[in-house]
Amino acid sequence: MQQAYIQGIGCVSAQDNALFSGTVRQHEGNRLPVADPDYKQWIDIKQIRRMGRVIKMGVAASHISLEQAGVARPDAIVMGTAYGCLADTGVFLNKLVTQNEDMLTPTAFIQSTHNTVSGQIALMLGCHAYNNTFVHGAFSLENALQDSLLLLAEDPSKQILAGAVDEITDYSHNILSRFRLYKNASTQNLLQSNTHGTIAGEGAVFFVLGAEKNERSMAALTAVEMLYNPASEKETFAHIAKFLDTYGQPDLLLAGRNGDTKNDAYYAAGEEKLFAGVPVAAFKHLCGEFPTAAAFAMWMAAGVLKNGAVPAAAMFKGKAPAAPKKILIWNHGGGKHHSLILLSAC
Amino acid sequence: MADLKVQIIQQLNLQEVKPEDIGNDQPLFKEGLGLDSIDALELIVLLQQHHNIRIAKPEDGPNIFYSVRTMAEYITAEQNKTA
Numbered sequence: 001m002q003q004a005y006i007q008g009i010g011c012v013s014a015q016d017n018a019l020f021s022g023t024v025r026q027h028e029g030n031r032l033p034v035a036d037p038d039y040k041q042w043i044d045i046k047q048i049r050r051m052g053r054v055i056k057m058g059v060a061a062s063h064i065s066l067e068q069a070g071v072a073r074p075d076a077i078v079m080g081t082a083y084g085c086l087a088d089t090g091v092f093l094n095k096l097v098t099q100n101e102d103m104l105t106p107t108a109f110i111q112s113t114h115n116t117v118s119g120q121i122a123l124m125l126g127c128h129a130y131n132n133t134f135v136h137g138a139f140s141l142e143n144a145l146q147d148s149l150l151l152l153a154e155d156p157s158k159q160i161l162a163g164a165v166d167e168i169t170d171y172s173h174n175i176l177s178r179f180r181l182y183k184n185a186s187t188q189n190l191l192q193s194n195t196h197g198t199i200a201g202e203g204a205v206f207f208v209l210g211a212e213k214n215e216r217s218m219a220a221l222t223a224v225e226m227l228y229n230p231a232s233e234k235e236t237f238a239h240i241a242k243f244l245d246t247y248g249q250p251d252l253l254l255a256g257r258n259g260d261t262k263n264d265a266y267y268a269a270g271e272e273k274l275f276a277g278v279p280v281a282a283f284k285h286l287c288g289e290f291p292t293a294a295a296f297a298m299w300m301a302a303g304v305l306k307n308g309a310v311p312a313a314a315m316f317k318g319k320a321p322a323a324p325k326k327i328l329i330w331n332h333g334g335g336k337h338h339s340l341i342l343l344s345a346c
Numbered sequence: 347m348a349d350l351k352v353q354i355i356q357q358l359n360l361q362e363v364k365p366e367d368i369g370n371d372q373p374l375f376k377e378g379l380g381l382d383s384i385d386a387l388e389l390i391v392l393l394q395q396h397h398n399i400r401i402a403k404p405e406d407g408p409n410i411f412y413s414v415r416t417m418a419e420y421i422t423a424e425q426n427k428t429a
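Taken in order, these protein sequences are the chains called A and B. Okay, so the first sequence: first residue is 1 according to the numbering used here, each after it adds one. Okay, so the second sequence: first residue is 347 according to the numbering used here, each after it adds one.
One chain only, chain B, in its complex shape (with noise of 0.2 angstroms):
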């Protein structure tokens, strides 16, 4: 989860955040870091360049985006199911 709060920080040029200032459980969106539409956008070219995966089913999106650990959880069941 380390490493991914690294990209989720380069990826949105979020200036003066660092990883051990998101925490696993805080939310993305809105009350928790505050990320907007624009930054959706941005999170799902990160895990294509990042991680080789599309998201096939939009509307799983706020559940995939909720928290760094959420996206970490997609990222791993995503990796399982192609190894």
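Next comes chain A alone, as it looks inside the complex (with noise of 0.2 angstroms):
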């Protein structure tokens, strides 16, 4: 598979760099939400007006990358949603209903398709070039940077912006919720509590990808695989098993632990027979769970692998690694949907 190098990264979400630094923003409820920056710092006030939030964190998170990279228009611009701009689709679809489908505003509608974030931060750039968005659930992020790895297999000289955003709303959080999907947690003990459910989060990471390492670089991307529906434990491992064959153990394990009791069963067995002796840190007590958290997972692992040092508020088990040169993320959607992320330095 073709490795890219990851020259700049831009994420809005629960944290900020100075995660790395060991300041962690601690929260307590069942929802952990964005620290949103000064939006104004990168959208004109007239634009503003009309982008919904998720638009506006994935507009800032893909100027901050692009910003690193010293990129003024991609060649492409690759991104993952699951949920897509909730906000904007329940301010249209209940307009449609109270006002009888009559007397609707164009707004709402056009900032409500899944497409928007790509197609604002494309109109922002002036960038007319390949534009997609995939809506793949738990698997939106990994085939949006498969398909950047793909673009940049056919041409090596291209900079692909890539990345995911997903947002919570208040409606769709009652309505996960009636799933008994969420429980109050605090950042420092959700990984610990051991009970069924976790915190919902939201978040968007854009990365400038390039198949040439620079000055820039922070990380390679080393490979993207996915595991849909296995039938088995047995078979989600054996998959592992190739993957580390091809690829060796990693230094940490990145795992997408989320205090679900059912969640972490995977996650603890798959520790003890795939990565004996591998340090592993967490993920999701940091920004929520959410299907393209794995992006997050990225963001962090990256800076990781740039500052040589893992956040202590990151170890979940064994000692952190110093200077570690592989970070793999293993993540998955109710068991569903297993993902492998392997990020190394350069």
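Keep in mind that the hints are not guaranteed to be accurate.
Lysine to aspartate or glutamate pairs mimicking EDC-like chemistry, simulated, CA-CA at most 20 angstroms apart [as the list claims (entries may be wrong)]:
1) A/Lys-306 to A/Asp-155
2) B/Lys-376 to A/Glu-212
3) A/Lys-46 to B/Glu-362
4) A/Lys-46 to B/Glu-377
5) A/Lys-46 to B/Glu-388
Source of the hints: derived by calculation from the structure; they are not laboratory data.
Since each chain comes alone in its own frame, lean on the hints to assemble the complex.
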């Protein structure tokens, strides 16, 4: 598979870069919102008034990553989202009902489609290149990454803006809460809670990916693999074992543990069977659970590889490795969507 | 006209614009308030929702939506017709 270098990263999440110097934003509750930056530093006031929060998050993250990479206009924009622009979808559908399908305003409709974020980024950049949004549930990010790697394999000179966004709205949170997915917990105790449920999360992360290493390269995206709906734990572990045969053991496993007993049982068994002696870190107590949370994990892993140190708050098991060279992100959504993303130092 | 300015600000989500910032005769589009074609659709909906007025001739739009004053005059004229 084509390897890509991460030349820039922008992340709008519940955490910020202070995480790498040991400062963790602590939260308590069943919902972990992003720490909204001042979006006006990237978006004109006339444009911002039409943007829902998830669009602003995506635009901000994309701008930060492009600035870091020193890229004015990418050769492609590829992103993943499971929920899309939920807030504007809700506004539009509510008006549809309350106004009896009459006098519907255009703004909420225009802003309600899943590809609004990538479209808005393209509009702001004047970028008429390839633009694709993957809406594949908990595989949305991974499909966007694989598409990016294929684009780079076709043309290694390209600079790809790839990323993922998902938001929580009051409406979606209420609906998902009815499925008893969430519980009240704190950043500090979530992973040890050992009960049913987790905390909801959201975030936007964008990467500039290139095939050639340069002075701005932070980490290499070495591999992305997915396993959908394995029939058994045995099948899952066989898939991961094959992956490890190809790429070797990582210096750090970044697992998608979220404090839910059933969810974390996969990781506990896998860590014991496949990752003996490998230190384990986690990320969902820092960003919450959402279908594209692995993008936050990538941001964290790239930061760790660049800085050469694992934030103490991220460690779950074992001793934090000094200057890790390979970090494997193993994430799963409901036991159905397993993904493996390998990042390497460069 | 003060009420109409509040309605415009709310309908278009004009953040950080206050009613007193909008001149009665200031052009709403382009060099004035800087509105665009999507805003024009929002203003048409505003007339329907708040004043129960449907614009019969779309070609009149540029004159009706030139400024707050022209909008207010159009609303008054339409309301007088139905009174």
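>> Hints numbered earlier in the text: which of these fail when held up against the supplied structure?
In response: When the structure is compared with the hints, numbers 1, 2 turn out to be violated.
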